[in-house]
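> Sequence:
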Amino acid sequence: MPVNPQIAEGDTSLAERVKHAILRRVRARVKDVLFFVVLPRAYRNASRQPVSPGKVLFLENKESELPESFQVMWSRLSDMPGLTLEFVSLGETRVRLRRYYQNCIAFAKNVATAQYVFLNDASNVVSCLPLRPETKVVQLWHGCGAFKKWGMSTADLIFGGSREEILRHPFYKNLSLVTVSSPEVVWAYEEAMVLQDEPGIVQSTGVSRTDVFFDDEYLAASRSKIQRLVPAVTEKKVIVYAPTFRGRVAQAEGPNALDLAKMKALLGDSHVLLIKHHPFVKNRPAVPEECADFAFDVSDKAGINELLCGADLVISDYSSLVFEYSLFERPMIFFAYDREDYADWRGFYYEYEELAPGPICETTEEVIEQIRLADDSFDSSRVKAFRAKFMSSCDGRATDRIIETVFRGDEAA
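Numbering follows numbering that gives the first Met the number 0, in which position 389 of the sequence shown is assigned residue number 388; successive positions increment by one, without gaps.
It is worth saying that the hints were derived from the structure and are not from the lab. Since we're looking at a predicted model, the values are computed, not measured. Heads up, some of the hints might be wrong.
[What the hints assert, rightly or not] Mimicking DSSO-like on lysine-lysine, the simulated pairs with C-alpha atoms at most 30 Å apart in a straight line are:
| id | residue 1 | residue 2 |
| --- | --- | --- |
| 1 | LYS263 | LYS281 |
| 2 | LYS172 | LYS388 |
| 3 | LYS30 | LYS54 |
| 4 | LYS18 | LYS61 |
| 5 | LYS281 | LYS300 |
| 6 | LYS235 | LYS224 |
| 7 | LYS18 | LYS54 |
| 8 | LYS263 | LYS61 |
| 9 | LYS135 | LYS18 |
[Claimed, not checked] Restraint ranges, calculated between C-beta atoms of paired labels, are given here:
| id | residue 1 | residue 2 | range |
| --- | --- | --- | --- |
| 10 | ASP155 | SER376 | 42 to 48 Å |
| 11 | TYR349 | SER161 | 33 to 39 Å |
| 12 | LYS261 | ILE21 | 24 to 30 Å |
| 13 | SER161 | ASN282 | 26 to 32 Å |
| 14 | ASP337 | ARG167 | 30 to 36 Å |
| 15 | ALA20 | ARG75 | 45 to 51 Å |
| 16 | GLU368 | GLN195 | 57 to 63 Å |
| 17 | GLU216 | LYS261 | 37 to 43 Å |
| 18 | GLU133 | ARG97 | 27 to 33 Å |
| 19 | ASP258 | MET79 | 49 to 55 Å |
| 20 | ARG162 | SER376 | 25 to 31 Å |
We put the CB at the ideal spot given by N, CA and C, even for glycine.
Starting from the given sequences, assemble the full structure and let the hints guide the process.
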């Protein structure tokens, strides 16, 4: 008897749904066993050894190299006597799942004898461990201010999980200190990290990574690096376009809404465009060949801190880099063509139109017009007010204050 193709197709679709549902349940069960049983047990067994005085771990979830958010602190602690520093990467997005789990177990054993742990992102691994009180965990975070929502603030939004899911495998437990860029944003971090009942953990010490923006040698070296990468910047104004990612972390996509050909036609004689995609974005939109002498994707060639140092103007959307860039008090343009969808997807801590310290654009034509206006008549007052509100604790001495807070009274200091 002939098979109705629609029925066959429906059966296949149903089978796929059943298969994925089973896989989700299996993964959830494996995750429960790892975080509720395996990692705590590995930690307890290793905790039979005493804490090693001065042992410092820097934990990175994804990347294989020391990220910018750790570099200033690492450099400073390297010069302090009595400390032994180790960088640990779990390789979450770079290795197979089995290898990642092995890395987590190895870290659980390693951290059992650490006196200090520095984080720059959420960590369900650190959060699941029965950490002993001799170990201090410092969350340096990877950004400043409070722009798009994250953590518990996204509960029940499309981007986030349910409150039950977030609390089942928390990401922000066992923290001794969370460093933020100003008193204004303490509430947002307490909300996102579920720390409202633990006052004093989130402190406006300033953010360590921002100290480089007050270092003349770093500024000069960053500009020189950009000139070597893109020699055209020596003769033209530099626009840095650094959008945040779209979608979920594991399938992050970079936006491709700017018409680079039109920008080149109208701005190419006086400007160059440096594009920096979010690190989560692996398949990046290609720069058209005809724009290769105007637009340059430097995502793998320069850090965002370095690019901000050399930028005459920044175009972003919902990225926290605008807080760091406000320290330069230079023009910013917000290309937020999808902000209503993004607000529904993830949400903002402040009303977007009130927060943005620069013009909000929805088309390439509007972006071009605002670039021309910024060249001729930039009013820095909005950026200065934005900096005063959200970056008041970032003054070039944040790392000093963090070290004083963390190591005060400890023999290793």
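> Could you run down the list of hints and mark each one as holding or not?
Checked hints:
1. Pair hint LYS263 plus LYS281 holds up; C-alpha atoms about 25 Å apart against a cutoff of 30 Å.
2. Among the hinted pairs, LYS172 with LYS388 is consistent with the structure: their alpha-carbon atoms are about 28 Å apart, no more than 30 Å.
3. Distance check on the hinted pair: LYS30 and LYS54 sit about 29 Å apart at the alpha-carbon level, within 30 Å; holds.
4. Pair hint LYS18 plus LYS61 holds up; C-alpha atoms about 28 Å apart against a cutoff of 30 Å.
5. Between LYS281 and LYS300 the alpha-carbon distance is near 14 Å, which keeps this suggested pair within the 30 Å criterion.
6. Restraint check for LYS235 and LYS224: the C-alpha separation of about 16 Å stays at or below 30 Å, so the hint holds.
7. Restraint check: the Cα-Cα separation between LYS18 and LYS54 comes to about 46 Å, which exceeds 30 Å; the hinted pair is violated.
8. Distance hint between LYS263 and LYS61 is unfulfilled; the C-alpha atoms sit about 35 Å from each other, more than 30 Å.
9. Between LYS135 and LYS18 the CA atoms are separated by roughly 43 Å; this puts the pair beyond 30 Å, and the hint is violated.
10. Between ASP155 and SER376 the beta carbon distance is about 44 Å. The supplied range of 42 to 48 Å therefore holds.
11. TYR349 and SER161 have their C-beta atoms about 25 Å apart, which leaves the hinted 33 to 39 Å range violated.
12. The beta-carbon spacing between LYS261 and ILE21, approximately 49 Å, falls outside the hinted interval of 24 to 30 Å.
13. Checking the proposed 26 to 32 Å range against SER161 and ASN282 shows it holds: the Cβ atoms sit about 29 Å from each other.
14. Between ASP337 and ARG167 the Cβ separation comes to about 31 Å, which falls inside the hinted range of 30 to 36 Å.
15. Distance hint check: the CB atoms of ALA20 and ARG75 are about 50 Å apart, consistent with the given range 45 to 51 Å.
16. In this structure, GLU368 and GLN195 break the distance hint of 57 to 63 Å, their C-beta atoms being roughly 43 Å apart.
17. For GLU216 paired with LYS261, a C-beta distance near 38 Å keeps the hint of 37 to 43 Å intact.
18. A C-beta distance of roughly 32 Å is found between GLU133 and ARG97, which places it inside the suggested range of 27 to 33 Å.
19. Under the hint 49 to 55 Å, the C-beta atoms of ASP258 and MET79, about 51 Å apart, fit the expected range.
20. About 48 Å separates the C-beta atoms of ARG162 and SER376, a value inconsistent with the hinted range of 25 to 31 Å.
Hints 7, 8, 9, 11, 12, 16, 20, counting from the list given before, are not met by this structure.
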